[in-house]
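So the protein lines, in turn, are chains G and E.
Each residue of the first sequence is one higher than the last, beginning at 3 in the numbering used here.
Each residue of the second sequence is one higher than the last, beginning at 3 in the numbering used here.
Since the hints were made in silico from the structure, they are not lab data.
Predicted, not measured: the structure shown is a model, and the values here were computed from it.
Check each hint, because a few of them may be wrong.
Because identical chains cannot be distinguished in the list, a pair is counted as satisfied if it fits within a single copy or across any two copies.
[Claimed, not checked] The calculated DMTMM-like cross-link candidates involving lysine to aspartate or glutamate, where the alpha carbons are at most 25 angstroms apart (straight line), are:
| id | residue 1 | residue 2 |
| --- | --- | --- |
| 1 | Lys88 | Asp338 |
| 2 | Lys177 | Asp339 |
| 3 | Lys24 | Asp175 |
| 4 | Lys24 | Asp342 |
| 5 | Lys24 | Asp53 |
There are 2 protein chains.
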Amino acid sequence: MPAPLPSELAFIRFVSVENMMKLIHHIGVETVLADLIRYIEEDFRRWDLFDKTPRLASHSAEGVIELMPTSDGEVYGFKYVNGHPKNTREGLQTVTAFGLLARVDTGYPVLLSEMTILTALRTAATSAMVAKALAPKDARTMAMIGNGAQSEFQALAMRAACGVERLRLYDIDSKATDKLVRNLSNRGFVLEPCASPEEAIEGAQIITTCTADKQYATILTDNMVGAGVHINAIGGDCPGKTELHRDILGRSAVFVEYTPQTRIEGELQQMPQDFPVTEMWKVLSGTAPGRTSDQQITLFDGVGFAVEDFSALRYVRDRLDDTDLYQNLDIIADPDDPRDLFGMLNRATT
Amino acid sequence: MPAPLPSELAFIRFVSVENMMKLIHHIGVETVLADLIRYIEEDFRRWDLFDKTPRLASHSAEGVIELMPTSDGEVYGFKYVNGHPKNTREGLQTVTAFGLLARVDTGYPVLLSEMTILTALRTAATSAMVAKALAPKDARTMAMIGNGAQSEFQALAMRAACGVERLRLYDIDSKATDKLVRNLSNRGFVLEPCASPEEAIEGAQIITTCTADKQYATILTDNMVGAGVHINAIGGDCPGKTELHRDILGRSAVFVEYTPQTRIEGELQQMPQDFPVTEMWKVLSGTAPGRTSDQQITLFDGVGFAVEDFSALRYVRDRLDDTDLYQNLDIIADPDDPRDLFGMLNRATT
């Protein structure tokens, strides 16, 4: 007897790296970023609904593997993500990721997706969503310190959200800056490579720090940062890794995604446990103030949070329906009689 | 420019439900069970190497979704598994699962596999591994109380490990027993359907309880259990679900997988926090006694543990090499230059 065909229920949609890239080009990368800003903002506004647990990390000498689950009560999602700083030297990605959505009512998975590219997009969209709420109104110039894998996405998202059009670029490795200039050369930005971080932040209303070394570093010192800017600090994203001098935090209004996680992973590692911060969902839902004066320095200490991955997966799920940019994965055993798993196995003998 | 082909590194092996069934038939289900007993025993004997964290559970009114990670320092694995008792009524599986292995040194995933069928196999293999160590030497008769999805696998594994050849069967729903008899009728067992649990345990040296209701139930009462038997209690596997009267535990030597988890999920829920138990890895590695007399009742309070899933995934990985029973999944973004994710995306425009 031939193997019976799996039922509809046995399949979940899988978005490969290739299909993710096709989907992004099909929609347009800047539209995707603008859409993601909206999706993430929607989820931040219904923050209370989410089951928020810290990520479950497995540390080793070489890096970390993390599971980041969350749920809004109807849909459950998690992301698998690794962080291995030494990978770059072997020609591998520092960070790779994939994610899953499932139905809470049945526990059945419905979507599996690559998330290396999607995480880059959601990270940029989150920064841009925050900058839209906190940066000076007429921000047109952004300093980009660190011109690695995240930098181009940040630039495009900041333009979509805030109208940034001039980029002042610095990286300790000028080849990274060359790569950024090459990638964004035909996209309507004014691109200004700079010789130092000090030079890069001249005239910038938004300062993005996004460097990759896993260590305590001081990319920005206190005397470099003038009044009224918005700092988007996203490189310090794990224990033992920071980018800013602590005195900058001391004179800024600091905004975070989820306080318990940021105190362990973000720039906040340098500050006392009771250092005051504001969670962004409160600003976005109108229950806490954002920027309160033109002179104030606002600082987003971004580390990435499970809700953002959830929003991004939700977006991919919603945009797949009218495309063929997915494969059906036969990952759920679905016998006709749920108690008869052995019978299903038996009948599969060809 | 056409989309570049993904590199070797971008792929992980995926074992679908269909391919898992083919793999099991290719090897033979009884050989698979015997192999799994060996793999799980190997991992229990190197217990100290494993990173043991409790599972990360997301509870809802309808059920639970759990992530169960572990690592031996070289390989990282996790299982996604749901438990939704009401699913059966809608023609869905109570439990579905899939799992993943990754390299600890790079964080790159290497294997994704269905685990609904594989979990059934590893659960039976674990029970059999324990019974081999603890049951009376000449155990040939097993009572099977609960004849659902797990029952046939238990029977085959118990024969592989202990030589069980006579099965005394009871289920509150006689259709479940009919199904078991149908599935195992040509496999060399003596099959004896019984009208009550009391009748089923007559003459049995091993008593397996494996019922499915999510509630405190009493499948076995104290006066039913005679001296010298081995009880394999695997149905009480989540908070709020037990199968045995507490007095049975009181006069048995109780063995568990991982104590902190079993106290929350197993029959042990009914006992004080300091009720003495023995972890099976100690028995298997010779640092704690197993059965100490012919009169002793040994009781395995099995709830399932991440290390067993790890062993099962490791086995599947090892057996795939000389087969074509997997698909290559393009789930890892792997740009030529790890810092140039955006360039990879750009170049994918067809």
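>> I want to check one pair: Lys88 and Asp338. Are their C-alpha atoms no more than 25 angstroms apart within a copy, between two copies, both, or neither?
In response: Classified as between: cross-chain Cα gap 16 angstroms, same-chain 48 angstroms, threshold 25 angstroms.
> With identical chains treated as interchangeable, where does the CA-CA distance between Lys24 and Asp175 reach 25 angstroms or less: within a copy, between copies, both, or neither?
Replying inline: neither (31 angstroms within a copy, 51 angstroms between copies)
>> Reference check for the pair Lys24 and Asp53, CA-CA at most 25 angstroms: within, between, both, or neither?
In response: Neither: 32 angstroms inside a chain and 39 angstroms across chains, both beyond 25 angstroms.
> With identical chains treated as interchangeable, where does the CA-CA distance between Lys24 and Asp342 reach 25 angstroms or less: within a copy, between copies, both, or neither?
Replying inline: between (40 angstroms within a copy, 17 angstroms between copies)
>> For Lys177 and Asp339, with the copy left unspecified, which applies at a CA distance of at most 25 angstroms: within, between, both, or neither?
In response: between (60 angstroms within a copy, 11 angstroms between copies)
Comparing the model with each earlier hint shows violations of hints 3 and 5; every other hint is respected.
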